[in-house]
Amino acid sequence: MVPALDLAALLSLSFFVPLVFLLVSFPPFLRLLVRKGRVSIDVHKGPAFKVPEPAGPLLFAGVLVGEIVVFLATGSLVPVAVTLGAGVAFAIGLVDDLYVLGGRTKPLLLILAGLAFAGVILLKPDLYTPVLFFPLIESTSPHFIVYTVLAIIAFPVVSNAFNMMDSFNGEISWFTLLTSLALFVGVALRSIFTGFSVIRIETILPLVAASVVFLVYNRYPSKAFDGDSGALMFGAMFAGLAVIGGVEIAAIIAIVPAILNSFYTLSSVRGFVERRRIKSRPTYVGEDGKLYASTEPSAPNTLIRLILLAGPLGEKDLVDNIVVLTAFSCLLSVAVSVLTWVY
Amino acid sequence: MKLAPLILIEFAAFLLIIGETYAFFEFVILFGGIPHSFSTFTIATVARVTLTAGLGVLWFVVMIGLTRLYVRSKLRSLTPKPSS
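Line by line, the protein sequences are chains A and B.
Note that our numbering numbers the first sequence so that position 124 is 124, with each residue one more than the last.
Note that our numbering numbers the second sequence so that position 56 is 56, with each residue one more than the last.
No wet-lab data here; the hints were simulated from the structure.
Here the structure is a predicted model, which is why all the values come from computation and not from measurement.
Wrong hints could be hidden among the right ones.
[Claimed, not checked] Straight-line Cα separation of at most 27 Å, DSSO-like style, residue types lysine-lysine; simulated pairs:
(1) A:K223 - A:K50
(2) A:K50 - A:K290
(3) A:K124 - A:K223
(4) A:K316 - B:K2
(5) A:K316 - A:K223
(6) B:K74 - A:K36
(7) B:K2 - B:K74
(8) A:K36 - B:K2
(9) A:K36 - A:K290
(10) A:K223 - B:K74
(11) A:K290 - A:K316
(12) A:K124 - B:K2
[As the list claims (entries may be wrong)] Pairwise CB distance ranges, derived in the manner of DEER restraints:
(13) B:A53 - A:E296: 28 to 38 Å
(14) B:F41 - A:D6: 47 to 57 Å
(15) B:G33 - A:V24: 36 to 46 Å
(16) B:A53 - A:G119: 48 to 58 Å
(17) A:K36 - B:G19: 46 to 56 Å
(18) A:L98 - B:L66: 51 to 61 Å
(19) A:T129 - B:T40: 37 to 47 Å
Every residue, glycine too, gets a C-beta built ideally from N, C-alpha and C.
I would like the entire structure built from these sequences, with the hints used as guidance.
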């Protein structure tokens, strides 16, 4: 424990230590992936475009370094709980990157991430408050069992939702950055206006730092893909941070594009099916290199298909559209946080 | 402007999430109060499960309805019209 550190120093450390660690480690890690032959074809550009994958292990190392800083500085179990949940999701994602898990196996295994996270409440009873806070109206009554069950289920749901937002250059990195910033604003407002524990803000910053650095390498044209290990870890960490921050409603609103995307895909293909097994594609690449929405009636209704129905787009423009939709949901999320904590 | 219909769908999802989550935590879970016998416990449980499923169905119907409306209108505009 380092009790002498003031709040500004702690916030800076929990952001800049993982940021610098990742900025320094990314180039050699990508070279290592290439040397080991861990590269994937960028399917929207052609077989000649090979991108190192998975960057998930390094991204997890980055958030781990940040959470260790928070733990050492505060001695709190909050970063431990978040890291446990994210770590289990990362491990499941890494197995999927290396061996490919089934469409149903992955969500089932991800419940373990929720259990690992919720298990910490046995050591720290105030890890989360089983109450939901709504804008303008009063909070709900406490419901420990229902809340805990929903918190555990949130891990597979949110992790898979993040994973489904990982199809195009820069999509997952923009999505994670914007949603984690919305989460940060929500918890910061709660801390400022209600005196809520600032440790919860510090715990969010390693995720923000990791998504900033990853955006540098993942934006169009991508120099790194996170793999399922990265996307599932981002999702599990987001779920854990929303619960420990007590900003569940704002967090759900921030990820509405991912919720809609998952909902459309699951309702179109009728269940959890590994994406590599979906026969009818929602989109296709035209001869002009642009992405088109499939006009086949059996094509799954993904968010991407809905955007492309308005007209074909290049990959970069398509991701810009997703960023606009995500920015809108994050603005709604911030509005929810302001109405909940300020008024 | 091309994204306006999708932003509207997003806004509808936002309203449904807030409304339904509040309804679930404030009304559905507490529905029937504290049961005093096995029969009232069973009735309250069945009612809570039914109401929860009802909230899920409401979300499903509204979202699917809005999306189908959007997809149909877009596919109609993509289909070439026969020249007269």
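Right, here's what the structure says about each hint:
| no. | hint | in the structure |
| --- | --- | --- |
| 1 | A:K223 - A:K50 | holds (9 Å) |
| 2 | A:K50 - A:K290 | holds (19 Å) |
| 3 | A:K124 - A:K223 | violated (41 Å) |
| 4 | A:K316 - B:K2 | holds (16 Å) |
| 5 | A:K316 - A:K223 | holds (14 Å) |
| 6 | B:K74 - A:K36 | violated (46 Å) |
| 7 | B:K2 - B:K74 | holds (11 Å) |
| 8 | A:K36 - B:K2 | violated (43 Å) |
| 9 | A:K36 - A:K290 | violated (32 Å) |
| 10 | A:K223 - B:K74 | violated (34 Å) |
| 11 | A:K290 - A:K316 | holds (10 Å) |
| 12 | A:K124 - B:K2 | violated (48 Å) |
| 13 | B:A53 - A:E296: 28 to 38 Å | holds (32 Å) |
| 14 | B:F41 - A:D6: 47 to 57 Å | holds (53 Å) |
| 15 | B:G33 - A:V24: 36 to 46 Å | violated (59 Å) |
| 16 | B:A53 - A:G119: 48 to 58 Å | violated (30 Å) |
| 17 | A:K36 - B:G19: 46 to 56 Å | holds (50 Å) |
| 18 | A:L98 - B:L66: 51 to 61 Å | violated (40 Å) |
| 19 | A:T129 - B:T40: 37 to 47 Å | violated (30 Å) |
Hints 3, 6, 8, 9, 10, 12, 15, 16, 18 and 19 from the earlier list are contradicted by this structure; the remaining hints agree with it.
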